Structure formats: structure tokens, C-alpha cells
Amino acid sequence: MSSLELYPQDEKLPRGEHVAFNLYMITALLLFVLMMLLGLTMRMTQADWTPVQAAMFYKIMTMHGAGMVGAMSLASIAVMWFFLRKYVSLHLWAFVSNYVLFMLGALCIIWAVFVGDFASAWTFLYPLPVHSMGLWSNGAAAVFMVGYLLIGVGMLLFYLDAAAAIIQRYGNLGRGLGLQWLFGGAIDPTHPKAVVASTMVIIANSLGILAGAVVLVMCLINVYDPEIALNALVAKNLIYWFGHMIINATIYMGVIAVYELLPRYTGKPYGVSRPFLWSWAASTVFVIIVFPHHLLMDYAEPRWMLVMGQIISYAAGFPVFLVTAYGVLTNIHRSGLRWTMPSMLAVLALFGWAAGIVPAIIDGTIGVNRVMHNTQWVPGHFHFYLLLGVLPMVLTLLYHVVGSRRRAPVNSGTDRAGLLLYVVGGISFCMVFLYAGHMSVARRFSTHLPEWLPYDRAGSIAAMVLILGMLVFATRIIVGLLKAPVDADAAHPAG
Amino acid sequence: MIFQNVIWAITLTGMGLVTLGFIYAIAQAGRPADTAEAERAHRTSISLRRVLFAALLLLGIGIAWASLRPFPIPAQHAPLQAAQVVDVVGHQWTWDVSQTHLTAGEPVEFRVTAGDVNHGFAIYAPDGRIVIQTQAMPGFTNKILYTFRTPGTYKIMCLEYCGVAHNGMTAELDVAARGDKS
Ligand SMILES: [Cu+2]
Numbered sequence: 050m051s052s053l054e055l056y057p058q059d060e061k062l063p064r065g066e067h068v069a070f071n072l073y074m075i076t077a078l079l080l081f082v083l084m085m086l087l088g089l090t091m092r093m094t095q096a097d098w099t100p101v102q103a104a105m106f107y108k109i110m111t112m113h114g115a116g117m118v119g120a121m122s123l124a125s126i127a128v129m130w131f132f133l134r135k136y137v138s139l140h141l142w143a144f145v146s147n148y149v150l151f152m153l154g155a156l157c158i159i160w161a162v163f164v165g166d167f168a169s170a171w172t173f174l175y176p177l178p179v180h181s182m183g184l185w186s187n188g189a190a191a192v193f194m195v196g197y198l199l200i201g202v203g204m205l206l207f208y209l210d211a212a213a214a215i216i217q218r219y220g221n222l223g224r225g226l227g228l229q230w231l232f233g234g235a236i237d238p239t240h241p242k243a244v245v246a247s248t249m250v251i252i253a254n255s256l257g258i259l260a261g262a263v264v265l266v267m268c269l270i271n272v273y274d275p276e277i278a279l280n281a282l283v284a285k286n287l288i289y290w291f292g293h294m295i296i297n298a299t300i301y302m303g304v305i306a307v308y309e310l311l312p313r314y315t316g317k318p319y320g321v322s323r324p325f326l327w328s329w330a331a332s333t334v335f336v337i338i339v340f341p342h343h344l345l346m347d348y349a350e351p352r353w354m355l356v357m358g359q360i361i362s363y364a365a366g367f368p369v370f371l372v373t374a375y376g377v378l379t380n381i382h383r384s385g386l387r388w389t390m391p392s393m394l395a396v397l398a399l400f401g402w403a404a405g406i407v408p409a410i411i412d413g414t415i416g417v418n419r420v421m422h423n424t425q426w427v428p429g430h431f432h433f434y435l436l437l438g439v440l441p442m443v444l445t446l447l448y449h450v451v452g453s454r455r456r457a458p459v460n461s462g463t464d465r466a467g468l469l470l471y472v473v474g475g476i477s478f479c480m481v482f483l484y485a486g487h488m489s490v491a492r493r494f495s496t497h498l499p500e501w502l503p504y505d506r507a508g509s510i511a512a513m514v515l516i517l518g519m520l521v522f523a524t525r526i527i528v529g530l531l532k533a534p535v536d537a538d539a540a541h542p543a544g
Numbered sequence: 002m003i004f005q006n007v008i009w010a011i012t013l014t015g016m017g018l019v020t021l022g023f024i025y026a027i028a029q030a031g032r033p034a035d036t037a038e039a040e041r042a043h044r045t046s047i048s049l050r051r052v053l054f055a056a057l058l059l060l061g062i063g064i065a066w067a068s069l070r071p072f073p074i075p076a077q078h079a080p081l082q083a084a085q086v087v088d089v090v091g092h093q094w095t096w097d098v099s100q101t102h103l104t105a106g107e108p109v110e111f112r113v114t115a116g117d118v119n120h121g122f123a124i125y126a127p128d129g130r131i132v133i134q135t136q137a138m139p140g141f142t143n144k145i146l147y148t149f150r151t152p153g154t155y156k157i158m159c160l161e162y163c164g165v166a167h168n169g170m171t172a173e174l175d176v177a178a179r180g181d182k183s
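Chains as they are written, first to last, in the working numbering: chain V, 50 to 544; chain E, 2 to 183.
Next comes chain E alone, as it looks inside the complex (with noise of 0.2 Å):
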């Protein structure tokens, strides 16, 4: 499953109950209640946001929980010890990669840090999606841990904007299966 699709459904799911709401409402809005019902909808809507409260603050709690263990970043200033280490140096309008040769199913390492200006390193699986990113900045190195599980061939675009040639930024990266390295 590409998780971006998860996030894509998960999103349009968000959208549709807001939306849900607005064309109840809107739906409703045209007849107007009378001093009775007028105060009945006003004690329902009152219980109602208490109980939407409680839904949205443990659901909050829930997400915040479930996706920040383990922290989704690697720790930036211990060592990471994978067996494969790539070093990354963005420049206006190139990318400077110690090696492009990778393996699969093993942990790779990336340190990523910019020459000049800022820029964005993001790996682009075969499929055309994003599999991780993180910015290249000048005077830090951001550290990536990543495994790639498919073999093929990768790509790095540049992902903030770094001047007018910014869009061909690009390098690529092999990652060839465990077992047959090239």
C-alpha cells in the first residue's frame, strides 16, 4: 500500500464529513424552526460540540501518540551505524553524491548538507513517489535513515526552490537487489 494514498483517502474522508455538515446545515437553513424547536436544536448543539470535543481530543492524543513513537527523525547527533553511508552536498544547480550505488534491504545512511543556498532532498522511487525528504541547508547536516526495499532506479529532485534552474536538479541513485552487486 503507498502510503500517500492512505493519507490521500484519510483526507478526502476529512473533507467529506466537513463537507456533510455545511449541506445538512445549509440544507436546513431555509425553514426557520419555531421558539420551541429553536431552543431543542440549541441544547442538541451544545451536547453535540461537547461530544465532538471529546472524539477530536482523544483522537489528537491518539494520532500524536501513534505517530510520534518511535520519533519519526533519526537522532541527528549520535552515530547511526549503517552499513551504508551516502554524503549529500546540494548546489545551485547540482547535487554532489559520494556514492550511487546501493544496496537493498540494508539501512543506508544519508547526511545531507547544501554548499550555497537551501534545497530539498527528496527520493523519488521508480514509481514517481516520494519515499523520504529531508532540506539540504548550508552550515547543517540533516541525517536520513532509510532502507530501500525495491530494487531500481532512484531519483533526487530538488525540493525548495533555489533559483532558476531549480527543477533540473536532479541525480539518480541504483539500488541494486541484496546478492548482486554491480
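Extracted from the complex, chain V is given alone in its bound form (with noise of 0.2 Å):
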């Protein structure tokens, strides 16, 4: 069980962990704030408010879906790495290598884009990446696709050393994942959920970014030797298990910050429980199994894995709501909670990830994907659960981290005022997507149809509000980290 003391000392960072933690952190708030003005500037262009061509669009496009999904998975992965080095022994060189190939692909990325004017969307569905009409060379797409291997590749090493550190401490993944009291015996209460989360994650994820590593070699072979033709369909599959996962494998990650945090705030433990475990075990089988629910408009895929693309969509919903969700409500109710920033992000995010599964699942039917695919309701929901659940899971170890720095949680009348900036904005921006979705709105047009221009002024406006609480959030995390912990030796200071 995790600690009830707010600051416990096994969680202080010694001096390279606190330099490669602000690294990783920094880092991702400059990206989340960029991408977010990336965003904006795509909202505005539909919305006819800027000057932006075509063929700029869909790079900011490109760049705005990797950059998302790598800055997502860059601040839950230092979210896993905070609290998992607790109760495991991870290599701090694994952790930093992680951060150098993912600088490196990033800029692989932003190369291609921007300088090679690659724009075949984040999920760059084969073959788009060698049929640019012109638009962008082979070379560009290579580099692009280079770029991905590289982020892979850096957060595999990570995983490899995390699942090592977790096999050397419970003997396999299995007992990591808590399997043995699945049916019977007692749990030990002490039994930490990080590690749980974190076993799950690793073998899911890790399976995801070997089948994205699968497509991009597939993928690379082909722009070299166009006569080695891949099959579109088995290419897609591969593309979306590996997309579900690693945008998927962030929510679990970054939900260790609440299960860790919150019950400090709310000064009532927290253990795991039979329900708990069950509902990871069965997380893990349906992430890596429910990724078909991405190609229900694939009629040409077999019919029995488009049934359980539907059906494990469903199901996967019974662990967030009736565990975590529910758990989390349970855990709030009558405490006496005390409301700071970090109190607030975590209620926050766990309200975002449970309301935004709703539309998820919903379009998860084949019958509503059929009007529903591809419009604006895709967006709709997955901003509604990585902008109002991931991004607050890390905000809420990041005001964490600088109320340590304090010894008091963060609590400020500024910091109050970009939360409801944040929340009022966050909120409006989502939900007209999925209006707009319901209208049949087209995603990804860069110019769109004159009885669209409303929702999507609507939604800039809204995308406004949400980046100025962007803004005092980052501002006010990055001054904190940058400062020197109260108790760090004199002799010693901090970087």
C-alpha cells in the first residue's frame, strides 16, 4: 500500500534522478504547450480565422497527432518511473536513454515534417507514406518512420529494465500483476498498485511497439523496394495495435499518479482488493486484444474479430468504472479531503477518463461506428479522456512535486483560476467536438463546409481558454521544479 505521509522521504529525487526527471517533465510541458497551439491553429484554419494552406494544415496535423502521443507517453512514462523506482531497482541509464532516443526521434519527426513536408497523419496508414502525389519525397517518409523506431525502441529499453527490476523483486510478471490472488488466499495489502499498473502496461505496450516496429521496418522495406508490396489490411491491423496500445498504455500509466497521491490527500488508504486485481488482469488481456474496434468499417476484415472488437469495448469498461472510477469516488466520499491543486488535477482526471470512455464505447458498436467513424466524434472522445484524464494524471505528481519542494501542496488563487480556465475551457472544447460528431462533421478536412464554420469557431474559442490555463500551469510547474528542494543539502545544490 502506498504511503499516507504527503511527502514521504522515499520518494526525494538524489540529484541525477532529479535532473532527468525535470528533463522529461520540462520537456513534455513545452510540447503539450506547443502542440496545444499546433491544435489551435488546425481549429482556426477550419474555423477560416487564419491563412493556412492545404498542404500546411496536414503537416500541422502530422506533427500535432505524434507530438501529442509522444509527449503523452514521455510524461506517463516519468509518472511509471517516479513512483515503480519504490518499490524495484530501475537503472537510471535505462530511464535517461529512454529520454536521448526519444530527442532524437523527435527531431527525426520534426525534420520530416518540416522540412520534408511529410503529412501522412500520425497513423500513417500504408501505403499513404510512399504515394504523396508529390507532396513529400521517400526520403521524408523514411525519416519520418526512423524517427518512430527510434521512440520505440528507447521506451522498449525502458520497459525491458522495468519488467527485469519486477521480475527480480516478485519472482515473475505474474506476481507483479498480483495473479496469484486472483482466486483465493490473502493479499498482501501492501502489495503496491504502481507495480500492478506498471506490469501491465509493460507487457502490453511492449507487444504494441514490437507490432509497430513490425509495419515501420515493413514499411521502410517497401519505400526502398516498392516491389516488396505490403497487404493494406494486415499493415492497418498492425498500425492500429500498435496505436490502441501505446496512446492506451499513457491512461495506465499516468493513473498510477492518482492511485498514489490521492489517498494522501484524502488521508484514507487505499489497498489493493480482489475487484483491483481482477481488473487489471482483465485490462491486460482486452488492451491488446480490442484494438479491431479501429476498423469496424473494414468490412473486409474477418467478422469474428470485428464482433470482438465491439465486445471487448464494452467489457473494457467495466474496470475503468466499477475499479478505478468507483474506487476513487469511494475514496473521496465523507474523507475530509483536503482540496489543493493536486487533490483537484487527480478528481479531475479520473472524471475525464471515466466520462470520456462513454462516447468511446458508444462508437464502439458497429452499428453507430457506421455514421460515426472518422467524424469529429473520434477527437471528441479522445481529447475528452487524454486532455481532461491523462494531462491532469501528470499535473497532479507535477503540483505534487513542487508543493514538496514547499512542504505544502499548492493551493494558490492563480493556480485555482487556470484550473477553472483549464476545466471550463477543456470541457466546452471537447464536447463540441462531439457535437459536431453527431452532425456528421468530417475530421481531418482542412477546409471545411460554411454549415460547419460555427462548431468550429465554437471550438477555437474554447481551445483558447483551455491554453491559457495551459499556460499558468506551465509557467508555474516549470519555475517549480527549476528550484532547488527546501532540504537538499547546502553543500549540494540541486540542479
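Check each hint, because a few of them may be wrong.
As the list claims (entries may be wrong) - Label pairs and their in silico Cβ distance ranges: (1) E:Ile24 / V:Leu86: 28 to 38 Å; (2) E:Val86 / V:Ser186: 32 to 42 Å; (3) E:Ala39 / V:Val263: 50 to 60 Å; (4) V:Leu86 / E:Leu60: 18 to 28 Å.
FYI, nobody ran anything at the bench for these hints, they're computed from the structure.
Bear in mind the structure is a predicted one, so any value in this text is a computation, not a measurement.
Using N, Cα and C, we set each Cβ at its ideal position, and we do this for glycine too.
Make the complex out of the two chains shown on their own, each in a separate frame, by following the hints.
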């Protein structure tokens, strides 16, 4: 069980760890802000408020997608690392190598998009990367894919180190997940939830990254030898297997911050239970086999896979609602919760995840997907649980860490005002997407029909409000992180 | 009744219930319970979770049953025997549609594929809502069986990003009332 002490000793970051954590989080915060500004540019282009041309729009779209998924992964890996290192012994070099490989990969992607004009969307559906109609070269496509490979290798390296550490401490990954207690036996109440969630992510996301690596290498070979053509449907399956897993893993890594921190603010213990272990065991399986719900409009896909995609989408909601969201609600109920930035963000994060899952599950129905697929319903639901779920999970940890530097949780009026802007802007932004989606507004269009413009304008304004809130968070946290810890050794001030 | 509006209402209800759950817990969060109250609340929450589990399970099975029978996608390997057949090929950035004059009230079989990259074949009704869609993928043919209810001009749009002129990739279908073939 995680401690109820607000700032326990075993969470202190020694100098090297401190620098690495700051690098991760400051990079991620800057990326979030920049990518949000790109997103705003896209909404304003659709609103007919900027003179951005179609070619530039799709480059921005590619960068926004790849950049956000990357920033989410980077930040949520740092969340997982921050807590997991308390229970098992991780190697700092693996954590730092992931950062270095991520930065190299990011440079490749930025070069490919803004110098090489690559604009194939972050999901690079084969064979689009090699069918640019003269807009970008095969070389640019190859550099983009090499960028993804570098990021994937970095993440695998980190997961392998974490897997080895968990196996060393608990015997095997199954015991890390707590499978030995599924059907009986006295559950060790001190078994950390961070270890359960991390083990799940290691298993699922390693498979996803390997699938991604396979399709990337296949596409790279195809770039240089078009004779070796791929099966477009197989390639799409691999891409969505990889894409679904990598973005879902960010939620499962991010939620560790809520599990670990919320009980300290409510003062109520929140240990592992049998339903909790069942929920994570089930999620491990579901997240691996649910991806066909991205292919419900590919009728050539085997029917059993489409049926599985729909049914697992529903089933995947059970652990979310009945265990995590419900568990958090019972933890805060009548607890005497102290409402400070970390606790408010933690509750927001769980709300964003649970509420955002609703339109996602509904879209996972074949009959609904037939009229909602690739409309703005899709960015509507995933922005809901990324913007109002995963990002607040990361911010929960960051505000907590900033608070630990001052020995008290952050609770200033400016921060609360930032949160208000973020929540109001964020919910409005996502609901505009969902509303437009139900009105059949297409996603990924640089230019919109005149009747769609009101939604684009409402969405742009909401995005501006949200970004104002995010700017408050980013400024406050970056300044806070760069401040030396209060209890640092005065002779060796930490960086 | 427009299908999308039903979905919208269901979604708002679901999200609203989640919101109410959070509002309730948040409203109570600031008042700490004493030991006896906490014990009672704990027992209530466990039985409530059982009820919720059973309710969601039944709901899920019901929805799965209702939404998958009959299976919403027509058989892909059997002849559909529709009176009207339209072959569709997506290209960067045009639709190649074998016939655009159709009759309402009679089933139409669309056989959709692509010549180069992935596209999305979506049919928009005159009121601007999508009525049906599938993917257009190189090397595969996806078959749709659809009966137009109301006559009018329907619009085909590409809903899978396929390059820089993706949003301009449109075509039209003229659906005439039964009996007045033009
Ligand atoms: Cu297209």
C-alpha cells in the first residue's frame, strides 16, 4: 500500500534522478503547450480565421498527432518511473536512454514534417507514406518512420529494465500483477498498485511497440523496394494494434499518480483488493485484443474480429467504471479531503477518463461506428480522456512535486484560476467536437463546409481558454521544478 | 428520427450519470465520517458495486445481442442480389463511381475499393448527415447494401485522410423517387 505521508522520504529525488525527471517533465510541458498551439491553429483554419493552406494544415496535423502521442508517452513514463522506482530497483541509464532516443526521434519527426513536408497523419496508413503525389519524398517518409523506431526502441529499453526489476523483486510478471490472489489467498495489502499497473503496461505496450516496429520496418523496406508490397489490411491491423496500445498505455501509466497520491490527500488508505487485481488482469487482456474496434468499417476484416472489437470495447469499460472510478469516488467520499491543486487535478483526471470513455464505448458499436467513424466524434472522445484525464494525471504528480519543494501542497488563487480556465475550456472544447461529430462533421479536413463553421469557431474559442489555463500550469510548474528542493544538502545544491 | 440524435441523447445520459456520481462524491468529500459511518459507507459501497456490476453486465449483453443480430454488415463473400449495383473506386483525389443515378426504395449494392491508398467512402444525405460508410482500401472490396428512403442529391465524401486534397474528394448521387427515372 502506498504511504499516507504527504511527502515520504523514499520519493526524494537524488541529484541525477532530479535532473532526469526535470528533463522529462519540462520537455513534455513545453511540447504540450506547443502542440496545443498547433491544434488551435488547425481549429482556427477550419473556422476560416487563419490563412493556413491545405498542405501546411496537414503537416501541422501530422505533427500535432505524433507530438501529442509522444508528449503523453514521455510524461506518463516519467509518472510510472517516479513511483515504480520506490518498489523495485530501476537503472537510471535506461530512463535517461529513453529520453535521449525520444529526443533523437522527435528531431527526425520534426525534420521530416517541416523540412521534408511529410504529412501522412500520425497513423501513416500504408501505402500513403509512399503515395504523396509529389508533396514529400520517400526519404522524408523514411526519416519520419526512423523517428518512430527510435522512440519505440527507447520505450522498449525502459520497459525491459522495468520488467527485469519487477521479476527480480517479485519472481515473475504474473506475481507483479498479483495473479496469485485472483482466486483466493490472503492478499498482501502492501502490494503496490504502481507495480500492478506498471506490469500491465510493460506486457501490453511491449507487444504494441513490437507490432509497430514490424510494420515500420516493412514500410521502410517498401519505401526502398516498391516491388515488396504489403497487404494494406495487415498493415492497418498492425498500425492500429500499435497505435491503440501506445496511447492507452499513457492512461494506465498516468493513473498510477492518482492511486499513489489521492489517498494521501483524503487521508484514507486505498489498498489493493481482489476486484482491483481482477480489473487489471482483465485490462491486460482487453487492451491487447480490443484494437479491431478501429477497423469496424473495414468489412474485409474477419467478422469474428469485428465482433470481438465491439464486445471487448464494452467489457473494457467495466474495470474503468467499477474499479478505478468507483474506487476513487469511495476513497474521497466523506474523507475530509483537502482541496488543493494535486487533489483537484486527481479528481478531474478520473472524471475525464470515466466520462470520456462513454462516447468511446458507444462508438465501438458497429451500427454506431457506421455513421460516426472518422467524424469529429472520434477526436471528441479521445481529447476528452487525454486532455481531461491523462494530462491532469501528469499535472497531479507535478503539482505534488512542486508542493514538496515548498513543504505544502500548491493552492494559490492563480493556480485555481488556471484550473477553472482549463476545465471550462477543456470540457467545452471536447463537447463541441462531440456535438459536431453527431452532426456528421468530418475529421481531418483542412477546409470545412460553411454550415460547419460555427462549431469550428466555438471550438477555437474554447481551445484558447483551455490554453490560457495550460500556460498558468506550465509556467508555475516549470518554475517550481527548477527551484532547488527545500531540504537539499546546502553544500550540493540540486539542479 | 435521426439515428445520430438518438446516439447523442444516450451519450449525454451516460456522461451525465458519471458527472452526477462525481458531483455527489465531491459534495460529500469535505465532511469526514466517524468510524461507524465509514464502516457503514464501506459496506454500502460494496453492495452498490455488486448491483452496478450486474446491471452493467445485463445492459452490455442486451446491447450486444440487439446490435449484432442481424449482423449490421452484409455478407461479403456471398452475392447480395440487389437490383442496383454501383462500383466505386477511390483515387487520390477523385471518386470513380460506375453509376450515379439511383432509385429510392430499392436496395443498392455498393462495391467499394481503392486504386492507390486508403480512402473512406461515406454517403451524406441531403440534410448533411452520414447515412452509411465503409473504408475504400487497395486490394480489398467492401460491400455495402443500402436502400435510400428519400429521393434527393446525396454527397459522397472521403472520410479517411488520403493526402493534401483529401477534403475536396467528393462526388454526387442522384436518387430519384421510384417510378420517375430520369
Ligand atoms: Cu480519399
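Here is what the structure says about each hint:
{"no.": "1", "hint": "E:Ile24 / V:Leu86: 28 to 38 Å", "in the structure": "holds, 32 Å"}
{"no.": "2", "hint": "E:Val86 / V:Ser186: 32 to 42 Å", "in the structure": "holds, 40 Å"}
{"no.": "3", "hint": "E:Ala39 / V:Val263: 50 to 60 Å", "in the structure": "holds, 52 Å"}
{"no.": "4", "hint": "V:Leu86 / E:Leu60: 18 to 28 Å", "in the structure": "violated, 41 Å"}
Hint 4 alone, counting from the list given before, is not met by this structure.
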